[in-house]
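Asks: Residue strings, one per chain:
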Amino acid sequence: MKRSNSLLSRVFMALVFVFLYAPIVLLIIFSFNAGNSNTVWQGFSLEWYEKLFRDRLIMQSVYTTLLISLLSTIIATVAGTFAAIGFYSMRRRIRDPLMTVNNIPMMNADIVTGVSLCLFFVAFFNFWGDFAVWFNSLQGVIQLPTRLTMGFGTLLIAHVCFNIPYVILSVGPKLRQMDKNLVDAAQDLGCTWMQAFWKVIIPEIKPGIISGALTAFTMSIDDFVISYFTAGSSASTLAMTIYGMTKKRVSPEINAVSTLLFVTVLVLLAIVNIREARQERRNAHRLHA
Amino acid sequence: MKNKLSWFAVPYVVWIALFVVAPIILVVIYAFSTADGSFTLDNFSRMGTYAVVFGRSFKLAIIATAVCLLIGYPISYLMSREGPRFQRVGMVLIMLPMWMNFLLRTYSWMSILENNGLLNRLFQSIGLIDLYNQIAMALSANPAAYEPITHFQLINTQGAVVLGMVYNYLPFMILPIYSVIVKLDRSLIEAARDLGANTFHVFRRVILPLSLPGVLSGITMVFVPSVSTFAISKMLGGGTEMMLGDLIEQQFLGGAYNPQLGAAISLVMMLIVVVCMVVMNRFGEGEEQAVML
Amino acid sequence: MKKMLALAMILTTVLTLSACGGSSEEERVVNVCSWGEYIDDSLIYQFEDETGIKVNYQTAESNEALYSLLKTGAGDFDVIVPSDYMIARLIDEGMLAELNYDNIPNYALIDDAYKGLSFDPENKYTVPYTWGTVGIIYNTTMVDEPITSWDAMFDEKYAGNVLMIRNSRDALAAALLDLGYDLNTTDTAQIQEAYELLADAKNKGVYQAFVMDEIFNKMEGGNAAIAMYYAGDYLTMRESNPDLAFVVPEEGSNWFVDAMCVLKDAQHKDEAEEWINFIASTESNLANMDYIWYASPNKEALESYPAYYEETYGEPLDMGLYEIMAAPQEVLDRCTLYENLPADILTLYNDLWTQLGI
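Protein chains in written order, with the working numbering: chain A, 705 to 993; chain B, 22 to 314; chain C, 1114 to 1471.
It should be emphasised that the hints constitute simulated quantities derived from the structure, not laboratory data. Do not take every clue at face value.
[What the hints assert, rightly or not] Quick list of the computed label-pair ranges, beta carbon to beta carbon: (1) B:Arg67 / A:Asn830: 21 to 31 Å; (2) B:Ser161 / C:Asp1224: 57 to 67 Å; (3) B:Val113 / A:Met898: 31 to 41 Å.
Glycine included, every Cβ here is placed at the ideal spot set by N, Cα and C.
Next comes chain A alone, as it looks inside the complex (with noise of 0.2 Å):
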C-alpha cells in the first residue's frame, strides 16, 4: 500500500519549507552583515554579536526568557501530571466540566487571558496592600509587605497557567489507555501505595508527560501577548524587548540573537532525534534477534 509522493506533491512541501524558512534564513544572513540594514548587504562581520554580548537589556531579557520557560515547564509538568491523574480518577460527571474549565485558558484567545490575568494581579494587590495594613496593625511580629507589584512572579504564574492545560491535555489520553487493572495488581502483589503510583503510573504515562513538558516549553519560548499584559516594569522577556525594537529601530542585534536561538535549538533537535532514532534502530535489532 505504500506509495512513496509523486514528484509534483515533493515540489509542494518543498516550497512550504521554503516559504517558512526563507525569512529566518535571511535573519541568519544578516546577522553577519557588517551594515545595519536588514535588507543590503555590506559585507561580512561579527560586529552585532560583539554588541550583543554587551547589550545588558537583550540579555537580561533572553536569560528572563529561558528562565521563565525552564520553570514555567517543570512546575507545569508536574503539576499538570498530578491534576491528569487526580481528573482521571474523578467520576466522569465531576470530570467533564472541570476539563471544560482546563481548557479555557488554551482555547481562549491569548490577549483576552493576557487581559483578565492584568485586571486580577491589580485587583489581588489591591486587596492584599489593604489586607497587609491591617495585618501589621494587629501585630509586631511579622510584617507582611504591603506593596506587592508585577514582575518576575506574575510572568511566572501567567505561563504556568496558560502550559498547565497543555500537559494534561497531552498526559490524559495515556491514562485512558493504561490498563486499569495494572494499579490494582501491583498493589495485590505487595506494593504499597506509593510504590505503584511510582512504579506503575508514572512509567505507563511517561511519554505523554515528556510531549507535554516539550509542547509547554514551546509554547512558554513562544509566547509575547500575555508576558506582555502581566510582566509589569521590572521583567522583559525577550518578545517584549523586540516588540518595544520593532517600535522604533530595530538594532541587528536582534537578528544575532535569533541566529543563536535558532542554532541552539536546531543542535538540541538534532541530538534528541539521532539518539531517538538510534534506539529505534537498537530496539529494531533486538526484536529480529
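Position chains B and C against the provided structure of chain A, taking the given hints into account.
Replies: Below, chains B and C without anything else, positioned relative to chain A:
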C-alpha cells in the same frame, strides 16, 4: 484507590479557580461597569460602532484559516505517506520555527515586505516594476499623466497581515491534522481498496472523515489567535487597519485608556470563541485529544 | 535519553537560580519609563557602575499609552518622563510625588525659561529633561516643492506616502492648526471638525500608516515622503538619510517640554532622585543631546553644545541643525505649549481616536 488519587487534582482545582475563573469573572464585572464602578450597559451599546473592526478581524482570520487549511492539509497528508525518517525530520522542521519567538519571524517579514525591502528590490532588479509601468502606461487612458510606481505596496496592507498570520500559525494547523492522519488505521484504507475504492474514493470516504477531528482543532488553533492578534497587525498592517486585538490593547495599555470598554470587547470576542467551540464539538464529538502533537 | 534531557533542564534551572539568588540580595533598583530612542544608553551603564543601582529602563509609546500603563497598574515605575500636558493631568489626578530638590542639586543648572511653566507653576514635581518642537519631516526627493503648511498632512496629492503620528493629542493638533484653530481648544465643534479632516484624509488613503517610533525605519529607508514628528528625531534620521528636511509649519505648532517626575507610589524614591540628579548634570545632558538631538533645558549644556560637538567630531556643528534642535525665539513665537484639557474633552479625544482607528 481511585478515589484517593482524585485528591491529586485538588490543588489544581484551587489554582484554576484563582487564576482562570476569577480573572474571567473580573473581566465580566469590568465589562458591565462604568469608570467609577457602577453598573452600566453602555459598553455594549457602543459595540455597534466597532462592527467594522469585528467584520475586518473575522474576514482576515477566516481567510488566514482557509489558507492554512489549504496548505496544511495536503502537507500533513503527504507527510504521512513518507518514510518514517522523512516524517520525523519533517515534523521537527515544522515545529522548529515555533521555538524562535513569533515576533522574530514577523520582524523578518517586515524587512522583506517594506517599500524598499528585499522583495521590492528583487522586483526592481529583475525588471518587474519597469514592466508593470510600461504595461500600465500603455493601458492608461492618458499615458502622459501616468505616474510610474517605484515599488509595489506590500507592507501595510491586509494581504501582509494575512501573510503574517498564515506564516506564524501554519504549524498549528499541520500538527493536529498530521497527528490524526498518521494514527489512522491502515487496515481501514486497505479494506476500502480491497472493496474497489480508487485513491480519490479512499480519500473522500475514509481518510477525510476520519481526519476531521484534527482539521477542526487545527481550525480553532489558527482562527482564535488570528482573530485576536495585535502584534502582527501592528507590525505588518501599519496600524491603519485596526483589528480586534489592537482595539482591546488600545483600551488597556495603548493610547485610549478605557478598560471597561476593552473588557466588554474581550467578553464579546470570548463569547464568539465559545460559540465556535460548541459548533465544532457538534461536528467532532469528543475527540479533543486530537489537539495533541 | 529523555531522562537526560529532563536532567539537563533541571540542572540548568538550578544553576541559573543559584546564580541569580546570590546577587539579588539587597539590590538597589530604579524603574524608569521613558520614550524610545530617548537616551544615550551608555548613561544607564555609567549610572549603574557609579552607584550600584540597577536601572530597569523601559519605554512607552506615547503620553497616552504611558497614562494607560500607570492607570492599569501594569507599569510600576519610579521615574517617568511625560510631556507638559500629561504632567498637568497626572498632577491633577494626584499621581505624582513632590520632589525633594535638596537631593537634586543639579536642578539649579536648569534654565529658568523651563521652570514655572503652566504644567508645574510652583516647581514642585518636575525636572525638565528636554524641550523641542513638533513639525513636518519630508523627503526632498519625493515632493515637488518645499513643504510649509500642515495642509501637506491631509493632501491627497501625497496619498499613500504620508505617515500620521499615532497619538491623539499630536494628530488632532495638526488638524486643528491646519483649520486655523487653537491647539488647546475646548470647543467640541472645532475638535469634531478636526477629526473629520483626519478621518476624511484617512478614508482617501492619504496615510500609509499611523506611526510612532516606526517612523525612523520608514523615513530613513525612503519608504514614505511626509511625516509629522519631533525635531530631535528628525536630526537623528537625517544622519542616515540626508535627503530629509524639517519644517515648523507656518500655521504654528506645538513646542513641548518633557520632564522627569517621580510617581507618588514609587518604591524607590531615593534612587529615583539620584537618577534624576545624574541625568540633570551638564555632562549627561551633553551626552544625551549628542545622542538623541533633543535640546537640553540645561543652560550650560545647551550653550556649550556647539563647542562640545566640534571637540568630539573635529568639525564645526552646522548651526542650521542647531537651530532646528533648539528653535530660536521667532519660531517659538508661533508655537504653543499643550495644556491639560478638561475631563470631558479628554474623553472626547479618546472616543474620536478610537473611532479614527476603526
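Asks: Provide an ascending list of the numbers of those earlier hints which the structure does not satisfy.
Replies: Violated hints: none at all, because every hint is consistent with the structure.
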